[in-house]
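Quick note: UniProt numbering has the sequence shown finishing at residue 262, numbered continuously throughout.
There may be inaccurate statements among the hints.
Label-pair ranges, simulated between beta-carbon atoms [claimed, not checked]:
| id | residue 1 | residue 2 | range |
| --- | --- | --- | --- |
| 1 | V144 | R169 | 35 to 43 angstroms |
| 2 | L217 | H196 | 28 to 36 angstroms |
| 3 | L217 | Q187 | 41 to 49 angstroms |
| 4 | R102 | K82 | 24 to 32 angstroms |
| 5 | A51 | R71 | 28 to 36 angstroms |
| 6 | L49 | I88 | 54 to 62 angstroms |
| 7 | R226 | D201 | 34 to 42 angstroms |
| 8 | I76 | N107 | 39 to 47 angstroms |
| 9 | E75 | L98 | 29 to 37 angstroms |
| 10 | H134 | D154 | 28 to 36 angstroms |
| 11 | D201 | F173 | 34 to 42 angstroms |
To be clear, the hints were calculated from the coordinates, so they are not data collected in a lab.
Note that the structure is a prediction, hence the values are computed from the model and not measured.
Idealized CB from N, CA, C, for every residue including glycine.
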Amino acid sequence: MSDFHGASLHSGERDSDREFYGSTDRQAGNVTGRELQEQKEAKGKYNNLQARFTEISEDLDYTGMLFSEHRDYEEIKLRNKKLENDLIHSGEKHLNELSRVRENFENQIKFRTSELQNEINELRQTKEQIDLKHNKHIEELHEVIESERNTQKDRFMEIIAHFQHILDRTSEFSAQLQGDFDSIAKQTTSLKNQTHHLEFDLKKDFSDNLDVLKNALPFVTEYNKRETKSFLERNDPTVDDYGPLKSILKSSNKICSKFKNT
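Model the full structure from these sequences, guided by the hints.
As structure tokens, then:
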């Protein structure tokens, strides 16, 4: 639509210009100042009209665009309406399903509540029976305890008397033990003194004997050497006989060395 109006407008503009300028060229020799003014005014009106036609053409183009958008908008409205109806239908369906589930759940709760109430009633009756038996047993137990208390009271007094006798005997035995401990302490002190003197005497005897052994050691060593040499000269020892002899000599030398270092 806009292209059609635009083409018509431009073709009309070219025809008018041709007629306007052509008549001006034909009448140039006889044109007056008033006619020039009229021609200028006519040209201005023509230009204004041309501008108005251009605006109208643009308005028509915009109107066509709006119409196209309006058509798309209507389609979107239809789709939205369909989606809305679908959502409503789906929501009603889910709501009905939830209502059915809720009703079923409530029925189950009522049934289970009834069962629990029956169980509670049975437990209450059982508890009452147990309480009766418990109270009866408590009474019997109190009677037994009271009887046993009276019986044990005399027995307890006998035990106390027996323990008192044991305490008295223990005190006597403790006093006797104390005397024995004092005697043992005195004997221990005496033994310590005797041990001290004995230790001193033993040390003195050992020192004297050690001096004697040290003085005799060279003679013993020389004697061992002579006896060993004499034994070897008198005998022809085999390997088996010489083994014990070496052991004896080794032990003798070890003892002699120990006394030398003492």
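Outcome of the hint check:
1. V144 / R169: 35 to 43 angstroms: Given range 35 to 43 angstroms: holds, Cβ gap about 36 angstroms.
2. L217 / H196: 28 to 36 angstroms: This hint holds: roughly 31 angstroms between Cβ atoms.
3. L217 / Q187: 41 to 49 angstroms: Holds: the Cβ-Cβ distance is about 43 angstroms, inside 41 to 49 angstroms.
4. R102 / K82: 24 to 32 angstroms: Holds, at about 30 angstroms.
5. A51 / R71: 28 to 36 angstroms: Taking Cβ atoms as reference, A51 and R71 lie about 31 angstroms apart, which means the hint holds.
6. L49 / I88: 54 to 62 angstroms: 57 angstroms, holds
7. R226 / D201: 34 to 42 angstroms: Holds, since R226 and D201 (Cβ atoms, about 37 angstroms apart) stay within the stated range.
8. I76 / N107: 39 to 47 angstroms: Once the Cβ atoms are compared, 46 angstroms apart, the range 39 to 47 angstroms for N107 and I76 holds.
9. E75 / L98: 29 to 37 angstroms: 34 angstroms, holds
10. H134 / D154: 28 to 36 angstroms: 31 angstroms, holds
11. D201 / F173: 34 to 42 angstroms: About 41 angstroms separates the Cβ atoms of D201 and F173, which means 34 to 42 angstroms holds.
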